[in-house]
Amino acid sequence: MNLSWGNLDVRVYAAEAWVSLAPRFAADNPHIVDMLETMVVDPVPQVRLQVAHNLQVICKAAPERMWAIATRVATEEPYDGVLASFLNGFLRKFNWAETERCEAIIDIVRGRMRPRRPMHNAAATMSRPPWAGLLLSSGQVRGATPRADGSKIGRRIRSRTAGS
Amino acid sequence: LRTSKVRIDATTVQSSRWVRNGRRYRAAMIGMPPDAGFAEPGLANVRHFLVPRLGDADLARLASASVPLAALFGAAPPTLHALLHNIFNLSLAAQLLADGASASSFGAIRSQSGLIDAYEDERLATTSLQQAASATVSEMAARGRLAVRKVLVQHGALDDVIQAGVLAEAGDLVSFTHHVLFDHVAGRFYLEWDDSSRLIAQISGDASRALLLAPALRFAIDRLWRSDQPGRPATWAQIAAIFAATDIDPVVANVALRTAVENVENHADVEGLALRIAANPDAPGLASLLSRLSRFVGIEIDTAGAVNTDHALAWASLAGAAVAPATRALSDAARFLLHALFIKADFSDASLLAAFGTAARGLLSFAWASDPPMASTVNNAIRFVGKSFASEPTASRVLLDQILREPHFSAHADKEATWLTEQIMPIARSDSDFAVEIYRTLFTQKITDDGTSWFGGAPSRILPLSSNRRQDYEHCRYSLGCAMPEFLALSVPHAMRAIIDAKLGKRLSDGFAPGASIAVTMADGVSFALAERDYADEAWDEPDEERPPQDDDMAAHLVAFLRAATPDQFGESIAAAATRSSSGSIWSRLMGVGAERVAEVGALLWPYATHPELLRHPDTLRDAVRFVATAYPLRDEATRATFELEMLSFDRFEDDYERNFWRTTVLGRLLHLIPVALLATPEMLAMRAELEAAEALEANEPLSSFKVSWGEHADYNRNRLRRDGVDVDAGPDALVLTASDALWDRVRTTPSTGFVASLSTLWSDTVALLVLLDEHGDTLNHNVSRPAWGHIANAAERIAESPAYMPGEGGLPLLGTMMALLDRLSESPFPEVREADA
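Chains G and F, in that order, are what the protein sequence lines are.
Here the numbering used here is used: the first residue of the first sequence is 1, the next is one more, and so on.
Here the numbering used here is used: the first residue of the second sequence is 1001, the next is one more, and so on.
Hints are computed from structural coordinates only; laboratory data are not their basis.
The C-beta atom is built at its ideal place from N, Cα and C for all residues, glycine as well.
Keep in mind that a hint or two might mislead.
Stated by the list, open to error - One side only, chain F facing chain G, incomplete, derived with CB under 10 Å:
{"#": "1", "residue": "TRP1744"}
{"#": "2", "residue": "SER1752"}
{"#": "3", "residue": "ALA1796"}
{"#": "4", "residue": "ALA1800"}
{"#": "5", "residue": "PRO1803"}
{"#": "6", "residue": "LEU1815"}
{"#": "7", "residue": "GLY1816"}
{"#": "8", "residue": "MET1818"}
{"#": "9", "residue": "PRO1829"}
{"#": "10", "residue": "PHE1830"}
{"#": "11", "residue": "GLU1832"}
Claimed, not checked - Non-contacting residues of chain F with respect to chain G, defined by C-beta distances greater than 12 Å in every case (computed):
{"#": "12", "residue": "ARG1026"}
{"#": "13", "residue": "PRO1041"}
{"#": "14", "residue": "PRO1078"}
{"#": "15", "residue": "GLY1114"}
{"#": "16", "residue": "GLY1144"}
{"#": "17", "residue": "ILE1200"}
{"#": "18", "residue": "ARG1295"}
{"#": "19", "residue": "THR1309"}
{"#": "20", "residue": "ALA1324"}
{"#": "21", "residue": "PRO1407"}
{"#": "22", "residue": "PHE1409"}
{"#": "23", "residue": "ARG1461"}
{"#": "24", "residue": "ALA1555"}
{"#": "25", "residue": "ARG1663"}
{"#": "26", "residue": "THR1664"}
{"#": "27", "residue": "THR1749"}
Unchecked claim - If you anchor each label on the Cβ, the simulated ranges turn out as follows:
{"#": "28", "chain 1": "F", "residue 1": "PRO1807", "chain 2": "G", "residue 2": "TRP96", "range": "32 to 42 Å"}
{"#": "29", "chain 1": "F", "residue 1": "THR1761", "chain 2": "G", "residue 2": "GLY89", "range": "24 to 34 Å"}
{"#": "30", "chain 1": "F", "residue 1": "GLU1832", "chain 2": "G", "residue 2": "GLY89", "range": "17 to 27 Å"}
{"#": "31", "chain 1": "F", "residue 1": "SER1509", "chain 2": "G", "residue 2": "TRP96", "range": "35 to 45 Å"}
{"#": "32", "chain 1": "G", "residue 1": "MET113", "chain 2": "F", "residue 2": "ALA1513", "range": "22 to 32 Å"}
With the hints as constraints, model all of the structure from the sequences given.
This is the structure we're talking about:
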């Protein structure tokens, strides 16, 4: 599944609008933060994505609620694409300013990563969660390095695999 | 002005060229043409009568009226016969006949000059008469006039020349009876064609005098050519001297050069010039001579529409001579000569091909080494070398290979590769391996530079057209694609390799990672590597209504070829695809077309189509299944049983996903197509029953497909609604639809960076639509209300994100109003929750 949406997806646009209003008006209008909190658990990932990706919009108006929402996303967000966007879009912005909070959130996500099993090289690339790159680049996780392509030819069929 | 005339029956005869171009002539003869049937177009106000070239009927009439003329026409060889259609030439011949010449004495005459020679030999039979005629020319040349006073001609035989009819007197003046006679007498008796330095002196200096003598020079050079030795050294020396002289009018020099060019018949005729180039390539005037010569040759070939092999060989040899010294000035002539031949010559003659190839390679090597660069010459020379590749395949390949290699490639391929690929077939016919290498390289490498490139090399001041380097480069791929049918006809193994390498290369150059490949090893030891999925069009056999077949679509060319191929050619195609790295999209076509021709090629393809890797590769699965199902009735029971047991050995797969994919997608599709009665084993029958019970027999559709169409959305949408029974012309649905479309147009044209005024209009349109929705909400068609709410959400988001939005100002909503709207929108049922989201 991809994370695209169309211009008739009303709640996606509503979520975007709440996100847009937040930096300027959320401090005096806590309803905006309430709505963000509501929409970040919307049943449709495209709606959740708008908030998860831009959660920093309430860092001035409601910092503690922001981290609470972030923790909930890290803990509960079921969809890899949204989680990746959350890590790359939101969390990256706080890498230096809030290192400990970031590490805590990354630990949560790491804990949710499925154990890896050896698999066909391309399949491994495809099924690796897209946010795994962030974890690697932030130095928190050391994943298995890809094996040389040559060793992968034909290893999907046991009967034709020699020594792998 | 030159005045030339002969008196015939008291009628003034003028060259129509002079009348047409001479204002004073036209003024002197003002009036109406007496016969519109014999009038020159454009000379309606000039009293004139056009004497056309005589037709065969005219000559026949003359023959019936004159026995000597009849004898002449009967005896004249074709060239002389053609000359006699000109009334001036005919009059000379008639006068010679009247003087007692016999018809047979004309037999050796091949040209107008020869005819006039005969006339002069008859009428100016003594040296004294010839001297008198020459002295007359001398006076005329000195004064720049074609009529002079008789007393000025200091020769005692002048009256005899007049008496002979060569000169005519008009009072005290004397002139030649025809301007061509003046030209010929001047060229033969006055101009010193046998003494170079004196001839130069005669035609240099005063332009009007030189131009008066220019037609005579033509006869003089012609005479020199005829009397010259093989190789024409004296003629070329004379012309070289004319071009080296500093005070000879270019028109005069061109007359001499063009005369020589027209006389060239074979390779030997230009040897004298080639030797001069080799001896001193920097000689003054030589570059100019060669440049103009090449243009004259171009005009000559263009006019004739073709060039015979002897001529072509002469010019190719001369081009080689001009290239050999490797000087920039002479390379222009070589380029032009080769280009004229490139367009028109027939290169089936080996000696011509060799001479052309030598010159072409020399030119390309020189142009590449030149500084400053000679881009245009390089481009031409690449085409020439490609066309003459067969003349010297090794040397040609060494040269052309440079186009493909870095750093040369990145610097020049946008300009050079297209010309290389234009000649892909001449190259392939000599060196198919190199042709494959060209396909592989040009599809793997690319130019990514979007920098502007100008048509013609520089911005035109009249119609500047530009492209960019990337686009320019991509044209080479188009040429290669278009050439594929011819390549397939030439060599199936090479063309197949070229298609596969191009496919694999294109995937890389499109930015896909090389990916892992899958080894396919056959029972007979044949082995090849199948590339990762390239997302090629799986539904290759379904016509695309929106996109007609493209000329450069290599895969489509392959399909057409396979459909018409002999079984042997089909076998060659399979063998070529089963080597080294291969492509799933090629195998899909082999098996797909194989399914159409299963009786002929089924046995060839069966071992491949039943290989597990081809059966489950996403690019080949659909066509492998199709082929196996089609071929199944033709296999014997033992073969089918072996296949079925092989298909059921699930333990070969490492994980559940792969096992499940094999079971449902591969077996599910196969068993959906293969009739139950043909299944040979109880195990497979059981599997079929199991899949059927689980509703896992699936249609053999493409694994992925997409469709693109275009048109005005509003029209499309309204038509769709109309089909659904919605009244889009009146009533609530129509009202909302119109307001909704209008709002969407407003959203599209209002940027979030816009001013308050435009945002305010957007808001008022939003409110207007909201009112309509609230009023008619319950009665609206779903397909009307949903877009309306979508557009309201789009508008609200646009306003909210705008830095210009200040609540309550400039007609924009208060924050409370905005939030109330967003609350409503946040409760919208759209987007709907899909199963995958839940």
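Please name the hints from earlier in the document that this structure breaks, with their numbers sorted from lowest to highest.
-> none
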